[in-house]
Amino acid sequence: MQLVEWIAEFLRDRKMRDRVHGSFSNRAEVLSGVPQGSVLGPLLFLLFVNDLPSVIKSHIRMFADDTKIWRTIKNETNSIQLQQDLDNMESWCQEWLLKLNPSKCKVMGKPVNGGPKFSYHVYP
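Numbering (our numbering), first residue to last: 5 to 128.
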């Protein structure tokens, strides 16, 4: 069996369940992502998200399952470019069935030199 076939078999027909205080939920199909807690999980996750920076024009840093994008906002064009990157990230996530958690998305900082205020959005 070739490596790609072996990995495909490893990811195919996966199910998971949760345990809370010793009780288990029903098993549910896992539709995307990589198995947590497995030896291959971190490597497969890196392969899975490896192309995300190619759709982002702003600065980007990725660590494990955390991604930060940023841009200095000096004018409305900068704000629009950052929103386009957020939209591109959202489209990438939809394409790869990776869900964003908007409650964990934060806008930090303030516009430079009294630049325009802009309301950014990310949809789940």
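One thing to keep in mind: the hints can contain errors.
Said to hold, decoys possible - Simulated restraints on C-beta separations: (1) Ser123 with Phe28: 20 to 28 Å; (2) Arg18 with Val111: 15 to 23 Å; (3) Asp91 with Phe67: 33 to 41 Å; (4) Val111 with Glu13: 38 to 46 Å; (5) His125 with Leu7: 37 to 45 Å; (6) Ala68 with Val126: 43 to 51 Å; (7) Trp100 with Ala32: 40 to 48 Å; (8) Leu7 with Ser27: 21 to 29 Å; (9) Ala32 with Tyr124: 31 to 39 Å; (10) Lys103 with Ile64: 14 to 22 Å; (11) Ala32 with Lys78: 18 to 26 Å; (12) Asp22 with Leu44: 18 to 26 Å; (13) Met112 with Val59: 17 to 25 Å; (14) Ala12 with Val59: 34 to 42 Å.
Claimed, not checked - Cross-link-like lysine-lysine pairs, in silico, BS3-like; alpha carbons within 27 Å at most: (15) Lys108 with Lys72; (16) Lys103 with Lys61; (17) Lys19 with Lys72; (18) Lys103 with Lys78; (19) Lys121 with Lys108; (20) Lys78 with Lys61; (21) Lys19 with Lys103; (22) Lys72 with Lys61; (23) Lys19 with Lys78; (24) Lys110 with Lys61; (25) Lys78 with Lys121; (26) Lys61 with Lys19; (27) Lys72 with Lys103; (28) Lys110 with Lys78; (29) Lys72 with Lys121; (30) Lys121 with Lys110.
Since the hints were made in silico from the structure, they are not lab data. Every value quoted in this text rests on a predicted model; they were computed, and no experiment measured them. Glycine included, every Cβ here is placed at the ideal spot set by N, Cα and C.
To see whether the hints hold, each was checked on the structure:
1. Ser123 with Phe28: 20 to 28 Å: 43 Å, violated
2. Arg18 with Val111: 15 to 23 Å: Once the Cβ atoms are compared, 35 Å apart, the range 15 to 23 Å for Val111 and Arg18 is violated.
3. Asp91 with Phe67: 33 to 41 Å: Once the Cβ atoms are compared, 23 Å apart, the range 33 to 41 Å for Phe67 and Asp91 is violated.
4. Val111 with Glu13: 38 to 46 Å: The hint (38 to 46 Å, Cβ to Cβ) holds, given that Val111 and Glu13 are roughly 42 Å apart.
5. His125 with Leu7: 37 to 45 Å: Since the Cβ atoms of His125 and Leu7 sit about 41 Å apart, the hinted range of 37 to 45 Å holds.
6. Ala68 with Val126: 43 to 51 Å: Violated: the Cβ-Cβ distance is about 19 Å, outside 43 to 51 Å.
7. Trp100 with Ala32: 40 to 48 Å: With a Cβ separation near 19 Å, Trp100 and Ala32 fall outside 40 to 48 Å, so the hint is violated.
8. Leu7 with Ser27: 21 to 29 Å: Taking Cβ atoms as reference, Leu7 and Ser27 lie about 38 Å apart, which means the hint is violated.
9. Ala32 with Tyr124: 31 to 39 Å: 33 Å, holds
10. Lys103 with Ile64: 14 to 22 Å: 19 Å, holds
11. Ala32 with Lys78: 18 to 26 Å: Hint violated: Cβ distance 47 Å, outside 18 to 26 Å.
12. Asp22 with Leu44: 18 to 26 Å: 21 Å, holds
13. Met112 with Val59: 17 to 25 Å: 21 Å, holds
14. Ala12 with Val59: 34 to 42 Å: Since the Cβ atoms of Ala12 and Val59 sit about 25 Å apart, the hinted range of 34 to 42 Å is violated.
15. Lys108 with Lys72: 11 Å, holds
16. Lys103 with Lys61: 21 Å, holds
17. Lys19 with Lys72: Violated - the C-alpha atoms of Lys72 and Lys19 are around 30 Å apart, more than 27 Å.
18. Lys103 with Lys78: Outside the cut-off at roughly 31 Å; violated.
19. Lys121 with Lys108: Holds, at roughly 21 Å.
20. Lys78 with Lys61: 16 Å, holds
21. Lys19 with Lys103: 18 Å, holds
22. Lys72 with Lys61: Holds. Lys72 to Lys61 sits at ~12 Å (cutoff 27 Å).
23. Lys19 with Lys78: 48 Å, violated
24. Lys110 with Lys61: With a Cα-Cα distance of about 18 Å, the restraint between Lys110 and Lys61 holds, given a limit of 27 Å.
25. Lys78 with Lys121: 10 Å, holds
26. Lys61 with Lys19: The hint is violated at about 36 Å.
27. Lys72 with Lys103: Roughly 15 Å separates the two Cα atoms, so the pair holds.
28. Lys110 with Lys78: Holds, at roughly 19 Å.
29. Lys72 with Lys121: Holds, at roughly 20 Å.
30. Lys121 with Lys110: Cα-Cα ~15 Å, so holds.
Violated hints for the displayed structure, listed by number in ascending order: 1, 2, 3, 6, 7, 8, 11, 14, 17, 18, 23, 26.
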